[in-house]
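First to last, the protein sequences are chains F and L. Here the numbering used here is used: position 208 in the first sequence is 212, and no number is missing along the way. Here the numbering used here is used: position 77 in the second sequence is 86, and no number is missing along the way.
Be a bit skeptical, because a hint or two may be false.
Unchecked claim - Every beta carbon over 12 Å from chain L, so not counted as near; a handful from chain F, in silico:
1. 164
2. 180
3. 193
To be verified - Here are a few chain L residues that face chain F, going by a calculated C-beta distance under 7 Å:
4. 50
5. 52
6. 75
7. 112
8. 149
Keep in mind the hints are simulated off the structure, nothing from the lab. Note that the structure is a prediction, hence the values are computed from the model and not measured. Glycine included, every Cβ here is placed at the ideal spot set by N, Cα and C.
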Amino acid sequence: MTIEEARFILCAYRPNGSDAGLPAFGDALRMAAADPAVGEWFARSTAFDAAVAGRLRQIEPPAGLREAILAGARASGQQRSLGRGWAWAAGMAAAAALAFVLFSMKTPARPEQGAASFAAFAISDMANAKHGGRGEPAGALIAALEANGARMPGPGQIDFDRLRETGCRTVNFAGRDVLEVCFSRDGALFHLYVARRESPPGDSADNGASFISEAAGAAAAWSDSRFDYAVASKAGVEAIRRLL
Amino acid sequence: MTSESFTQLVDAHYAPLYRFALSLARNGSDAGDLVQQTFFIWATKGHGIRELSKAKSWLFTTLYREFLRGRRRDARSTSLEELPPGGNEPLAHDVDRVSRIDSAAVMSALQSVEEPFRAPLTLFYIEDMSYQEIADALDVPIGTVMSRLSRGKAQLRAAFLRAERPVAKVLPFPGEGGERAS
Chain F
5 MTIEEARFIL CAYRPNGSDA GLPAFGDALR MAAADPAVGE WFARSTAFDA
55 AVAGRLRQIE PPAGLREAIL AGARASGQQR SLGRGWAWAA GMAAAAALAF
105 VLFSMKTPAR PEQGAASFAA FAISDMANAK HGGRGEPAGA LIAALEANGA
155 RMPGPGQIDF DRLRETGCRT VNFAGRDVLE VCFSRDGALF HLYVARRESP
205 PGDSADNGAS FISEAAGAAA AWSDSRFDYA VASKAGVEAI RRLL
Chain L
10 MTSESFTQLV DAHYAPLYRF ALSLARNGSD AGDLVQQTFF IWATKGHGIR
60 ELSKAKSWLF TTLYREFLRG RRRDARSTSL EELPPGGNEP LAHDVDRVSR
110 IDSAAVMSAL QSVEEPFRAP LTLFYIEDMS YQEIADALDV PIGTVMSRLS
160 RGKAQLRAAF LRAERPVAKV LPFPGEGGER AS
């Protein structure tokens, strides 16, 4: 076995050592033990693999994904009893739609889950955000958001209908119209999403913000008496926290 | 399969499946869709699998096939023969680089690896799968797995190196109020 062959095989050796007893690695491991150059390369390679694996395992799935999977499966189970063919195809579509809605919608029983879903939606939508909406009153809102030290807007600063009519981007989240406004603060770009609040009976407004962080960015979501808000950015959770 | 067993299956595997999907699809929204689609297929077809020990491999295989099916719809695939050979020399700096950056940046580097190498590399790192398990999950020969791991790691190290290169400093243009560059 040559040094190159040993290195090639050891690339598939798992850093936790579970492959130590496998015959396929025997010769290569013996070479790593006998040849200091190969041994040093192997130590560096294993350390690199362990570091990468550790970092990747820190990534958490978005809030609401588990519930969406379970709801989709429940729906598909109900549809299967209708038989195959068109009914089955319809079941697939219904289950996928239900899963998506449940993944996205605000859950009345657990407001913090709805906030997390809205925040996840904001991160996902951020990739499609367009910069516009400079007419009044969008311009005034953007100017207020970009002022140093300004807090996120309260219900008195949002005229939802006028904002929608004057150029703000409007998107759909779980069947609700959501306004999106881009603004900059301290060199970072943020995207504010505002939806009219659909308050369930007994649900209190002004809950604390829910934060989530994903590979694509971070977001926070919160509510007041009239609106649900989410703000998303690639600048990270701490940059968002400073806005609130 | 009972509803309780299905919930246990989801709890055991949805997070690593999401990480695998995120490395393949390169965005959280599509990754979430892939995971949901995978469990949906399990719920409609995969429940016939009796041995739960095989469920993990089945889920990863199915997610990968769903990803490839979607990719074939809207993108041309990369020929392996066109890909550049990878170097195979991890340096001490490589470990330091990974230690300095957060998990999102590591995922971003992984996402920049060519797809044929990215899938086995992700299963190796995220699920701690052996080369044999990866070969089974992706339905490729063992030698191919080893080759793709080797070349994938080389591309990953190159991605970390690119990410760390300092951005050129922007100096103010003379006459615009900034200091003159000397």
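Hints and how they fare:
Against chain L, the non-interface label of residue 164 of chain F holds: every CB pair exceeds 12 Å, the least being about 26 Å. Chain L leaves residue 180 of chain F outside its interface by the beta-carbon criterion, the shortest separation being 18 Å against a cut-off of 12 Å. Annotated as non-interface, residue 193 of chain F keeps its C-beta farther than 12 Å from every C-beta of chain L; the closest such distance is 17 Å. Here the hint on residue 50 of chain L is broken, as its CB sits about 9 Å from the closest CB of chain F, past 7 Å.
Taken as an interface hint, residue 52 of chain L checks out: its beta carbon lies about 4 Å from the nearest beta carbon of chain F, inside 7 Å. The criterion of a C-beta within 7 Å of any C-beta in chain F is not met by residue 75 of chain L, whose closest approach is roughly 12 Å, and the hint is violated. Annotation: interface hint on residue 112 of chain L holds; nearest CB of chain F at approximately 4 Å, less than 7 Å. Here the hint on residue 149 of chain L is broken, as its CB sits about 13 Å from the closest CB of chain F, past 7 Å.
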